[in-house]
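The UniProt record's numbering numbers the first residue of the sequence shown as 1 and each following residue consecutively.
The reader is advised that the hints may include incorrect statements.
[To be verified] Derived CB-CB ranges, DEER-like:
1. Tyr74 with Gln36: 55 to 65 Å
2. Arg64 with Asp84: 44 to 54 Å
3. Val98 with Glu78: 55 to 65 Å
4. Ile93 with Glu53: 55 to 65 Å
[To be verified] In silico PhoX-like cross-links for lysine-lysine, where the CA-CA straight-line distance does not exceed 20 Å:
5. Lys85 with Lys95
6. Lys25 with Lys8
7. Lys8 with Lys20
Derived from the structure by calculation, the hints contain no laboratory data. Nothing here was measured: the structure is a model prediction, and the numbers come from that model. Heads up, the beta-carbon is just placed ideally off N, CA and C, and yes, glycines get one too.
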Amino acid sequence: MEEQLLKKAQEEQEERYQEKQKLRKQREDQMREEVQRFRLEVLATKSKQLQEERDLKTWETIQRFKRAESDERYRDEERKKNWDKKMEYGNEIKKYIVSVRRC
Numbered sequence: 001m002e003e004q005l006l007k008k009a010q011e012e013q014e015e016r017y018q019e020k021q022k023l024r025k026q027r028e029d030q031m032r033e034e035v036q037r038f039r040l041e042v043l044a045t046k047s048k049q050l051q052e053e054r055d056l057k058t059w060e061t062i063q064r065f066k067r068a069e070s071d072e073r074y075r076d077e078e079r080k081k082n083w084d085k086k087m088e089y090g091n092e093i094k095k096y097i098v099s100v101r102r103c
């Protein structure tokens, strides 16, 4: 009888130990999975951030080119306006000279 009680107590103790081990292993596996998910999330975030930085640099480059084109168009228009003014002024002077010679 005593042996049976002792054996039963040992079996119960072994069952509790096995259950604790099983729970510990489950927690370890769960933590490992969480760490892996976290690492993947960090990698995805870094990748997204790098892509956003590349996109921003591309956008800034495009904006600089657009600005340069716009500035050049403006300078060309200003040069043309100045040229037209000079030509108009030159034509007026020619007309004046012609009218003065006639008199």
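Hints not upheld, ascending by number:
Violated hints (numbers, rising): 2, 3 and 6; every other hint is consistent with the structure.
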